[in-house]
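*Asks:* Sequence:
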Amino acid sequence: MVKLSVIVPFYNVQSFAPDTLRSLRTNTREDFEFLLVDDCSTDGTSEILRQAEREIPGTAVIRHERNGGLATARNTGLDAARGEYLAFLDGDDWLAPGHFAGLLSAMEDLGCDFVRTDHVQCTGRARSVHRVPVGPRGTVLRPRDWILPADRSTGVDYPYAWAGMYHRRLVDRGLLHFTDGLRTAEDRPWIWRLHRHAESFAVIGRLGIFYRRGVASSLTQIGDVRQLDFIRAFDQVIEETARDEEAERLLPKAVRTYCAVISHHLGSIERFEPAVARRLRTMSGEALRRMPAAVLNEALDSMDAERAARLRRVRRARVRVGAVQGEAA
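The numbering of the sequence shown is my numbering, which starts it at 191 and goes up by one.
If you're looking for bench data, these hints aren't it; they were derived computationally from the structure. On a predicted model such as this, the values are computed, not experimentally measured, just so you know. Any given hint could be a false lead.
Stated by the list, open to error - For lysine to any residue, the following SDA-like pairs were computed, each having C-alpha atoms within a straight-line distance of at most 20 Å:
1) 193 / 301
2) 193 / 299
3) 193 / 295
4) 193 / 236
5) 193 / 361
6) 193 / 219
7) 193 / 223
8) 193 / 320
9) 193 / 296
10) 193 / 300
11) 193 / 258
12) 193 / 251
13) 193 / 274
14) 193 / 363
15) 193 / 213
16) 193 / 270
17) 193 / 332
Said to hold, decoys possible - Cβ-Cβ distance ranges computed for the label pairs, FRET-style:
18) 243 / 341: 44 to 50 Å
19) 212 / 416: 28 to 34 Å
20) 286 / 503: 43 to 49 Å
Yeah, the Cβ is synthetic: ideal placement off N, Cα and C, and Gly gets one too.
With the hints as constraints, model all of the structure from the sequences given.
*Replies:* Next comes the structure, spelled out in structure tokens:
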């Protein structure tokens with residue numbers, strides 16, 4: 191019987207994979223399995239993983255024949271996982287020794303669907319602790335109760351799949367897989383779905399995950415078209431939340447968060463390639479126009495003046511272009 195399956199996607203991280211794998215070695219247990227998903231790496235990562243498969247107990251490497259992105263790689267791991275519990279790690283991050291055993295013990299004691307943990311963000315040599323924006327610790331909670339309020343950070347604003355552990359019943363209910371093909375923001379529809387549909391969760395004050403920030407090859411650092419998948423991700427959040435029985439109560443949070451992310455990308459638009467920047471403006475305007483108008487206006491009124499003005503300009507610009515094109519036709 192496999193108690194825990196740990197899913198770890200890798201793509202062209204030969205500089206960081208050894209640290210990740212060393213930390214997995216300090217987390218082995220006879221009833222743990224580590225599923226290393228090689229997302230068609232083209233550097234030396236594949237050989238590093240083959241060696242790890244020989245040396246780390248419970249390790250299996252699954253290789254994609256073509257690159258599918260993080261969401262697809264995680265789904266591959268989920269489909270192969272045999273454990274009663276599941277966890278994730280990214281191929282450039284690492285763990286404290288015994289982290290998974292301690293987290294599993296706490297989760298079994300609590301008996302909940304999933305747990306969330308704080309993490310340590312590592313930027314170069316700097317370290318900072320990032321905490322789950324949920325107050326109660328070590329207490330079983332109802333996930334839906336921790337989506338709101340709209341104007342503060344809540345459980346759905348801490349989307350990191352690797353910052354927690356999950357019971358297999360979530361897989362059986364169709365709640366743990368990611369939207370296939372999403373290249374960025376893949377955690378956003380996923381965390382919203384968990385909070386809307388899972389029955390129980392808890393926050394564990396355990397610092398055992400070390401998240402490497404500022405990696406040059408990371409999509410968060412690259413201004414190419416893959417970054418624009420955040421729009422597809424948040425469109426999914428809006429669409430699914432609009433079908434919820436409490437849509438009227440929850441949509442203001444979903445819309446406000448979407449607006450904040452759009453504003454963030456527009457505010458750093460210079461990091462995008464010129465053609466991608468133009469597409470970002472166009473797609474952002476279209477996204478704003480798709481949102482429920484009354485909810486959007488309320489969200490913009492609640493935001494600070496700079497962000498609200500930036501979003502209103504983009505929304506008006508797209509409307510004007512559409513109107514002119516309509517008149518010309």
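*Asks:* Of the hints given before, which are not true for this structure?
*Replies:* 4, 8, 11, 17
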